[in-house]
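Student: Residues per chain, in single letters:
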Amino acid sequence: MSVKNDERDERAETTWQTLRRGLALSPELRTGLAATLALALVYMVGRVAVPVAVQQGIDRGIVGGLNLDVVWSVVAITAAILTVTTLCGYLMMRRLFTVSETALANVRTRAFRHVHDLSMLHQQSERRGSLVSRVTSDVDQITQFLQWGGVILLVNLGQLVVTTAVMLAYSWQLTLVVLAAFLPAVLVIRQLQRRLGAAYATVRQRTGTLLGAIGESVVGAPVIRAYGIAGRTARRLDDAIDGQRLAQQRAIRISIVGSSVGELAAGLALAGVVVLGVTLGVDGTLSIGQLTAFLFLVTLFIQPVQIATEVLNEAQNAIAGWRRVLDVLDVAPDVADPGEQGRDLPGGPLDIRFAGVRFAYPGGPPVLHDIDLEIPAKSRVAVVGETGSGKTTFAKLLTRLMDPSAGAVLLSGVPLSEVRFDSLRSRVVMVPQDGFLFDATVGDNVRFARPELTDEQLGAAFTELGLSDWLDGLPAGLDTPVGERGEALSVGERQLVALARAYVADPDLLVLDEATSAVDPATEVRLQRTLDAVTRGRTTLAIAHRLSTAQAADEVIVVDRGRVVQRGPHDELVRDADSVYGLLYASWLEQTR
Amino acid sequence: MRLTAGESVASRTSRDVLGRGLRVLGQAIREQPRIFAVAVVGSVLFGGMVIASAYVVGGVVGEVVVPSIARGQVGVGTLALAAAALFGISVLRVVGIFGRRLGAGYMQYRLQAAYRRRVTRRYLDLPVAWHQRNSTGTLLSNANSDVEAAWYPIAPLPFAVGTLVMLVGAIASLFATDWALALVGLAVFPALFALNVVYSRRMAPRQARAQRLRAEVSGIAHESFDGALVVKTMGREAQETARFASRAGELRDSLIAVGRLRGVFDPLLETLPSLGTLAVLVVGAFRLRQGAISVAELVSVAFLFTVLAFPVRAIGWVLAELPRSVAGWDRVRRVLDATGEMPYGQRVLDPATSGPATLTFTGVHFSYPPAEAHLPGAQVLGEVGFTVPAGRTVALVGPTGAGKSTITSLAVRLVDPDSGTVELDGVDVRELTVASLTGTVALVAQVPFIFDDTVRANIALDRPGVDDEDVWAALRLAEADGFVAALPDGLDTMVGERGTSLSGGQRQRLTLARALAGRPRLLVLDDATSAVDPRVEAAILAGLRSSASQPGVPAASILVVAYRRATIALADEVIYVEQGRVVARGTHTELLATVPGYADLVTAYEQAEVDRAQERTYDDEVAPLPSGLEIEVDR
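Chains as they are written, first to last, in my numbering: chain Z, 1 to 593; chain A, 1 to 635.
Just to be clear, a hint being listed does not mean it is correct.
Incomplete in silico selection of chain Z near chain A, CB under 10 Å [stated by the list, open to error]: (1) R30; (2) G32; (3) V45; (4) A49; (5) T85; (6) F97; (7) R253; (8) V273.
In short, the hints are calculated from the structure, not lab data.
All residues carry an ideal CB built from backbone N, CA and C; glycine is no exception.
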């Protein structure tokens, strides 16, 4: 029991901390909070106005001599009060929704930007889905809660307080009866609410499994068809579908028990109030109107308790969602933009220097060891090596997608960590192997970095790259939609678009990470030659998959097991047949001729 | 008030939505009649008990409280009876709640499950061509959120039906009590009902807009994070954030609009019954003076107005969900009604034949439907004809976008030709049964697809007759046995989304092993070994060219899409395609000598090397300049 208590305290503390952190992050949530709460309080008074009117009307206008004037004035005053409280209700909600939605939209956008500011290590594909949830469903959960459960919670908490106050004013004995009737219900509901939380967690988890299974049946459709395994896939889907349904049914059973307990408590309270109330009435301590009003007040008391399980559960989910959003915002970007304090890269062609660079993924073995390297400006360099030799890491460090664990990368003498991102990203561009395309037209994808470019300029760029024939072969030229992730184009065609996109960005240092790996050899060679021509006077570094790139480069850097083992022009390196490069080249020749 | 043209259209369409929405609900009731009946009975019981509670409270006040206090003496029996009645009604209400909510919940979840099953069954039945016409995102939401939206109004439906019955009962009981109070009821309840209807109608389009914007915000986040590397390397974080922020801002505005509407109607919906209760007090006091009613009746009616307000909202909930439900239902129906299945035939290739199969393309034309209606459909293949003779290895070579992948899809019947035939051992593939077709051919695609399952399941795919021994044999042949053995749980290791992440080459080798495990008589490789070492590729192909039982005799015919000279060299014959047509066929040497396009393609690297050597010689002789830029200026 004590353990459970500790757990609860810990959780309560974290909830409190989450709220504090959340408020600290969105100070706009506090703006006019006092006025909003005051309006809410007035609004709640409206809820007890009718029972009070009933009491006044009965005691002063009906029982013990009908007095219509009294009834009239009680009704008129109450109607006036209701008009005011209704208006306050409107104002309260209007303020609450405007402030909270504005604040949360800001949080959402800030989290989005923050995710982009995180380094690649945090953006790995397996985490991407959950990063998307941080700026979508997690924030949605908070706003949905505030629009429904939050108002109910706020108003009903107030309603409980105001109702209890009025009940106490009428009779403390009857109030005790009501509280006594509800106390066991509250205890049971607390227990149930915990189980309901667990049940909903299962629902969420099974929904995830179901989405995965549906995704497989959609994305894997060709494989399922080709192997005739529709039956097996259907069984997996059915299991996931039924798994989710059973979890949902379990959750609703717990939820129903919760509201039933509240309902029974209400019945118990009503019965208790009548029994004790009549006794008190006979004693003369309670009027008929007061007792009647009590019966009305008890029903007001029921509502909050009945929906408590659901609302509290929603509140918990919303808090958890908020915590996840805040946690993302709390991750300090490990590759940070120096911003205002930073420097700009000097103009003109850029030279590269790696000074004692070491790199290891967190908790992993070193990928690069003590790299010391200088690459003069305007040279065309190819980096080659076996898969896993560290050559891609090389490119990521050079473009500052990651920072070295030790040592520094310098461009024209300026350490990368001191270069403002604005300057870095406009001067240094990398074309990754997976040239991701956005769901837009070919033209829009190419002008991604330079939205001001006209169609004519884009057309000219394709011509310069020798790709105008390919572009003309598309159904609508630059206006051809590329589909989600560019899937309307073949893998090789996507690489062509990605290359054009980098080309029009007009960088001083171009880094190609196996950028043409899926293009046919003739096209690749053609591209290579045109790239050579158009990048004259700039520095290019190509991570090479095919050694044809290395042959064309001014210099080849050979990486093996995280170290630079050879460098020099192709012709020189190839002379030593037993060197790493010599062996790589022999294997390349074996493949290609 | 005159309606503007727009408003009248809107109201007509919303009437239309109401009608169609009710038909969707009708469909739901027809599919789950029993459980719906349980829920409605529960709901009616609950409604009846709500009315009863009002009369018992009134009765207790009028018949127990007033006389007891007036007499100054408690009738213990009457009091106990009153307490028992109040508690008894609560118990019956709980029974009603149980029936209603359990029935409604089970009905909703069962319908969801049933329709998810139907929709995903269609996904499995509909051909790959249909899948290619629909985006992944659309198909995912058809099976998930659209099914959910279609059956969303089911949750409050029994409550709403019970409330309608309760309202009729309440009006009737009012008339039985007193006509004047009944008139108050006739004014208040329909007004409450109308207020709910107006609320839902106004709310529905705002909710729909918010929902649409939520999806768009999510779409931007998905795309932007998937393309994070491009965003980062091009320094477009600020622009991407602006793109996201503008849509998030629209979502914020639409949620505030939803909230403001809520702010207007929620307090009104609460105040209206309160005003009704006040009206009851006034009218009741009059009628009391006239002696037409008792105090008990007055209290009953006042109480009734208080407790009836909440259930009436259930009707509004149902109405509010109808537009979303209809939209979801339409999208679900689109999948369920989609036609164009690719039915399998009845013929079976002679099961006694265990040797390699012959593949024949004759006059095959194929075009993809246009991506968007205004764009022309692209013809991919025209008049393609060739044969892969039994036991032979044929390489399919051609430039990027020539239609090679489409040929592989036709060979394993992922798609059917517009005209012409694809035959296996002389039988049109359209006439074959699924078992015979998939037992004969296997395709390894360009991009490997791994199921979120164990290594064993990914390779065996529950195919009959594929045991662990076969799985290991296939893994050995694909040279994947080494890394699989090193996995933490061997064949039982979970791979795919949730499991171990594999490298590109490892994934390719697993899909290769998957194809080999079925001992196909024709293996189709669509550039499936690009990430595999050439030595491994050669070993795999050699292994296939010699069956285990009869060394030297081929186990399978092979059609392989390739760029690598090494791979092409293993082929008995090369088919060269350009722009969807077979341009030439023959041995590598023949094509190299006679087909310039082919020669350009396969000798591109050598040619580049020769060119470079020449240039260098030229440069050395003419102008040994230090840097590229000056050369450019020089020229």
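Student: Next, verify each hint and record whether it holds.
Tutor: Against the structure, the hints:
1. For R30 (chain Z), the shortest C-beta to C-beta distance to chain A is roughly 18 Å, which exceeds 10 Å, and the interface hint is violated.
2. With a cut of 10 Å, the hint placing G32 (chain Z) at the interface with chain A is violated, because the nearest CB-to-CB distance is about 15 Å.
3. This hint is violated: V45 (chain Z) has a C-beta 12 Å from the nearest C-beta of chain A, more than the 10 Å allowed.
4. Because the smallest distance between the Cβ of A49 (chain Z) and any Cβ of chain A comes to about 7 Å, under 10 Å, the interface hint for this residue holds.
5. Annotation: T85 (chain Z) was flagged as interfacial toward chain A, and the flag holds, the nearest CB pair being 8 Å apart, inside 10 Å.
6. Given the 10 Å rule on beta carbons, the hint for F97 (chain Z) holds: about 3 Å separates it from the nearest Cβ of chain A.
7. About 7 Å separates the beta-carbon of R253 (chain Z) from the nearest beta-carbon of chain A, less than 10 Å, and the hint is met.
8. For V273 (chain Z), the interface hint holds, the least distance from its beta-carbon to any beta-carbon of chain A being 9 Å, beneath 10 Å.
Hint check: violations occur at hints 1, 2 and 3; the rest are consistent with the structure.
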